[in-house]
Amino acid sequence: MSPDINQKEGETIVSLSNASKFYGSFAALKDVNLNLKRGEVHILLGENGAGKSTVVSLITGVNRLDEGERLLHGRPAPYMTPIEARRAGINAVLQDFSLAPALTMEENYVLGREPLKLGLVDRSTSRAETVSALKKLGLEFDPGRRVDTLSRAEQQMLEITRALGGRPGALILDEPTAALSHDESERLFEVILQLRAENWAILYISHRMEEVRRLGDVVTILRDGRMSGHHRLADVSNEQLISDMVGREMGDFYPHIPHQPGEPVLEVAKLTSGSAVQRASLTLHAGEIVGLGGLVGCGKTELARSLFGLCDITEGHIVLHGRTITDPSPATMLKKGLIYLPQDRRGEALALNRSISENIVLEVLAGSDNVKAGFVRTGKLAQLVDGLLARLNVSPRDPNKKVGELSGGNQQKVVLGRALSRERKVYVFDEPTTGIDVGARRDFYRELEALCADGAGVLLVTSDLQELVHMPHRAFVMHEGHFVVELAKDQLQEEIVVAYAFGETPEGEQLPEGELVQ
Amino acid sequence: MSEDRATSGLAKSAGSNLVARIMRFGALPIVLVICVVVFQLGNDRFLSQINVLNMTQQGVFLMLIAFGQMIVLIAGGFDLSVGAVVAMTSIISAKAMVAVTGAMPDAAGLAITIGFITALAVGLGAGLVNAIGVAVLKVNAFIVTLATASIFQGLTLVISQGIQVSGLPRPFIYEIGSGRFLGIPVAALLAIPVLFLVYLAVHHMRFGRYLYAIGSNAKSAVVAGIVVNRQLLKAYVMCSMITAFSGWLLTARVSSGEPLLGGEFPLNSIAAAVIGGCSLRGGEGTVLGVFMGVVFITMLGNGMDLLRIGSNYQMIVLGIVLVGAVVLDRYRAAGAAN
Chain A
159 MSPDINQKEG ETIVSLSNAS KFYGSFAALK DVNLNLKRGE VHILLGENGA
209 GKSTVVSLIT GVNRLDEGER LLHGRPAPYM TPIEARRAGI NAVLQDFSLA
259 PALTMEENYV LGREPLKLGL VDRSTSRAET VSALKKLGLE FDPGRRVDTL
309 SRAEQQMLEI TRALGGRPGA LILDEPTAAL SHDESERLFE VILQLRAENW
359 AILYISHRME EVRRLGDVVT ILRDGRMSGH HRLADVSNEQ LISDMVGREM
409 GDFYPHIPHQ PGEPVLEVAK LTSGSAVQRA SLTLHAGEIV GLGGLVGCGK
459 TELARSLFGL CDITEGHIVL HGRTITDPSP ATMLKKGLIY LPQDRRGEAL
509 ALNRSISENI VLEVLAGSDN VKAGFVRTGK LAQLVDGLLA RLNVSPRDPN
559 KKVGELSGGN QQKVVLGRAL SRERKVYVFD EPTTGIDVGA RRDFYRELEA
609 LCADGAGVLL VTSDLQELVH MPHRAFVMHE GHFVVELAKD QLQEEIVVAY
659 AFGETPEGEQ LPEGELVQ
Chain B
1462 MSEDRATSGL AKSAGSNLVA RIMRFGALPI VLVICVVVFQ LGNDRFLSQI
1512 NVLNMTQQGV FLMLIAFGQM IVLIAGGFDL SVGAVVAMTS IISAKAMVAV
1562 TGAMPDAAGL AITIGFITAL AVGLGAGLVN AIGVAVLKVN AFIVTLATAS
1612 IFQGLTLVIS QGIQVSGLPR PFIYEIGSGR FLGIPVAALL AIPVLFLVYL
1662 AVHHMRFGRY LYAIGSNAKS AVVAGIVVNR QLLKAYVMCS MITAFSGWLL
1712 TARVSSGEPL LGGEFPLNSI AAAVIGGCSL RGGEGTVLGV FMGVVFITML
1762 GNGMDLLRIG SNYQMIVLGI VLVGAVVLDR YRAAGAAN
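Chains A and B, in that order, give the protein sequences. Note that the working numbering has the first sequence beginning at 159, numbered continuously upward. Note that the working numbering has the second sequence beginning at 1462, numbered continuously upward.
Everything labelled a hint here was simulated from the structure, so no lab data went into it. If a hint is listed, it holds; no wrong ones were tucked in.
Distance condition first, Cα-Cα at most 30 Å in a straight line; then the derived DSS-like pairs of lysine-lysine: (1) B:1695 - A:494; (2) B:1599 - B:1695; (3) B:1680 - A:538; (4) A:493 - A:428.
A few chain B residues that don't get close to chain A, going by computed Cβ distances all over 10 Å: (5) 1498; (6) 1620; (7) 1627; (8) 1640; (9) 1650; (10) 1694; (11) 1748; (12) 1772.
Just so it is clear, the structure is predicted and the values come from calculations on it, not from any experiment. For every residue, glycine included, the Cβ atom is placed at its ideal position computed from N, Cα and C.
Please construct the entire structure, taking both the sequences and the accompanying hints into account.
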């Protein structure tokens, strides 16, 4: 322990005032105020991309402020580095773990501050330290186990243990229960409340309303990089929190697409994929857009991927245009008229060091009309590419440009170009508008409208609430692998979607475990 | 095609694009010219007709194997077993030809044909083994082909007892091995159709598009509906069969089945391909580039011979050149990333 720190309750360890952070002209954070005080659990709430991670990066010294002031123990600290932050008692557990997988738990625990004896690592001391630190959290692991043999939850607990082994002060937890079971979460909550009693300052980022209510003393809400609310949790309703989080704007930005459902084109019957998706059923008709929403990790991406054979279907089946499929693969699904556009464009959708043209035509090469005896019909494909580049307004309109040199929005257009390279019955879009600008987004929505008009069925998987509320004709919300509700167009409101995504009814009641939509 | 790419790029940003083009391709032609000038000044027989034909005769084997290697490199793989495949082909096809000749001493044409078919069969088998290791067992290509190189070399030594196989049909040695037609080495004439087929496959056929897509990003290739394993299988089989063909030609050149033939090919073929613009990370490389890479390596060897630089020193030079090429490759990648 460190007697030199003034451990008075209520003392501010780190604070941001009018903090702003810009990336180019884009304000990731604008005029945000935040005080981390001893003996207080401070909740940070906001949608994806609202600026929560940027706040954490400023508090832990990963980034500098572009405007505003950062105080560390009351003194200005504009140039604080992550190491200085740690020395000053700011300990963070982020979503990306910083553990070395090939080392054991005890080697990880003492990493960077190994106890020495005659210049050699003192194994018995490091083991004793690790065991006692783990015990404090009620954990009884074998400290000699390699980290890569631990489950994600166990790694999470080790990460927290290690953060607590630093200098006592502040603890930052970024969605710590995402990987934890109920019991493990309970244990973590006890630890957090105990730390609060020991005058730690805690910054807790979570989506889960139940945790927010149970742990939080104060809450700061971010929306689009700005503070949209700051409350003592005792004085604020859930409705207020949600409305601070989602705000409202951009209503007429989205096209109105008439809902004229035709034949069913895709049926999903009690589909289960590992533990990520549990008995999900839905029907998609020609000419309609069905949304799929829910928190990150709720299983919506896995559901979309399993339709395309990228995640295993452990139970259930799909029916595509009347044909039952139990074991899809990308090649067969494309042949049968279903395309999936992955959310990780650079990692899964594009060959970055190849040209725009090669990327767009890659999938139609499988068809016989663009290839003759194995030879690519270059002229015909060049026409196709030219047409798509014009239609999608890709810039630069140079089919030989390498895709890796394009902006995110234009890369997305190339992916979309591949999807549009021939007619299909079903389009599955997974987070199609992340990381693209407003103009590209509007263009994308116009294409969705055109697809619908042409009689295709669209499944739109999205974490963007505005998009989920405005684009689909109806939507399903997932929570922990289950469909919890199907919402018709008139029920598609942000507050309702958010409530279900948190596993609650809009009236604030807890949904029964694993409720299914039939 | 690369021409209009250059001009359309030049219109936009002349300076940076020119540099990028030189980095992509242009350094090699310049180095080639410098080499020609230096070697010609060092020994004026370098550019004589006799020596140029001599280089063609020497270089044709590496040319074939480097083309095969290129196919695998574009798909993001490796083939370190090419040397062992050459040796294995040499021994097995020589044994087959000697057996046929022993049974029917007058049927040289038949013996040669059977030797040729045997060579291709050996290539097919070796390619399948490599492909199974890489595509089915999902072991890193470097390890798979390092292991199969050892296996194939071991098999070769077991079959041959470490002894060369002599008694090959005379026309095989004197026509295919060292014959000339219109002054051009027969081996080179036989190689041309194969090289042309590789060119078509890589640059004009669907197969080539798939190779680049897989090498550039295998995950995205799967998402685009490419059955990656099938394409990898084709790539490794093609590489091994072309290599076996080259091994068969080389057997004619050295006039006997040699159990230790071709040890230099793994390094030389990868060096030539990388110098010619193939990326070790896959997804890049062109036939023209690899062609120039092989010309460069062949000229380097021949030129140093003429300058009476010993083969031990040549190995040192080749190693340095290869490291230089890999560093160049990294700059190329960095340039592409910006």
